[in-house]
Amino acid sequence: MKKLFLPLLIAIFLVTGCGGGSQVVKCTMSQNATGVKINSNVNVGIKNSKFDYIKMENYVVVDDAYKAYKDMFVSSLESQFEGFESYGAKVSIKDTEDGAKVTISMNSEEAKKFYGKDSKKLTKKKVVDEFESQGYTCK
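One point on numbering: in my numbering, the residue at position 121 of the sequence shown is 121, and numbering is uninterrupted.
Derived by calculation from the structure, the hints in this document are not laboratory data. Just to be clear, a hint being listed does not mean it is correct.
As the list claims (entries may be wrong) - In silico EDC-like cross-links for lysine to aspartate or glutamate, where the CA-CA straight-line distance does not exceed 20 Å:
hint	residue 1	residue 2
1	K94	E82
2	K125	D52
3	K26	D52
4	K55	D129
5	K101	E78
6	K101	E82
7	K139	D129
8	K37	E85
9	K55	D95
10	K121	D52
11	K50	D129
12	K94	D71
13	K90	E78
14	K94	E57
15	K47	E110
16	K67	E97
17	K70	D95
18	K70	D98
19	K139	E57
20	K26	D129
21	K50	E130
22	K55	E85
23	K26	E130
24	K55	E132
25	K125	E110
26	K121	E109
27	K112	E78
28	K94	E78
29	K70	E57
30	K94	D64
31	K113	D52
32	K47	E130
33	K90	E110
34	K70	E85
35	K37	E109
36	K37	D98
37	K112	D52
38	K113	E85
Produce the entire structure from the sequences given, and follow the hints as far as they go.
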């Protein structure tokens, strides 16, 4: 699961470039593992060539054969992400009929708190390149 959130951190501080105005980069990815499918949606906001926010929603769908263990799976997710909030990220894990919805978000002020400095300049192309290198499809 942590592999899914690597782009979250990379997009915040590894991107450079120029541009202006406000833009939103939208990326999606689906992954399958034994008994679980994860559909990820990521929005990265860029304002005046700087990181503005990131919001990642992961819809975790548990196969019918594993539905009896769904509560344990959701508890495991909660344990896995409980430390993220201490880094300034907002984390929400909600039990759903099919599994769980995990939402992680961070705005520019929270990112600044996490990294101790403002983000570097950012371009849409750099965000798209980074997420697509992780297996996402972006527009």
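Checklist entry - Is it true that the CA of K37 sits at most 20 Å from the CA of E109? => result Status violated; Cα separation ~32 Å.
Checklist entry - Under the criterion that the straight-line Cα-Cα distance not exceed 20 Å, is the pair K70, E57 satisfied? => result holds, 19 Å
Checklist entry - Does the alpha-carbon distance linking K121 and D52 stay inside the 20 Å limit? => result holds, 11 Å
Next on the checklist: Holds or violated: K55 and E132, Cα atoms, limit 20 Å.
Outcome noted: With a Cα-Cα distance of about 16 Å, the restraint between K55 and E132 holds, given a limit of 20 Å.
Item to check | Holds or violated: K90 to E78, with C-alpha atoms at most 20 Å apart | outcome: At roughly 13 Å apart (the allowed maximum being 20 Å), E78 and K90 satisfy the hint.
Item to check | Straight-line alpha-carbon gap K26 to D129, limit 20 Å | outcome: holds, 12 Å
Next on the checklist: Need the status of pair K125, D52: alpha-carbon distance at most 20 Å?
Outcome noted: The given pair, whose Cα atoms are some 16 Å apart, holds under the 20 Å limit.
Checklist entry - If you draw a straight line from the CA of K94 to the CA of D71, is it 20 Å or shorter? => result Status holds; Cα separation ~11 Å.
Next on the checklist: With the threshold set at 20 Å, check whether the alpha-carbon distance from K101 to E78 stays at or below it.
Outcome noted: Measuring from Cα to Cα gives roughly 11 Å; hence the hint holds.
Item to check | Holds or violated: K55 to E85, with C-alpha atoms at most 20 Å apart | outcome: holds, 14 Å
Item to check | Proposed proximity, D98 with K37 (alpha carbon, max 20 Å) | outcome: holds, 10 Å
Checklist entry - Is K37 close enough to E85, meaning Cα to Cα at most 20 Å? => result violated, 25 Å
Of the numbered hints stated above, those contradicted by the structure are hints 8, 25, 27, 34, 35, listed in ascending order.
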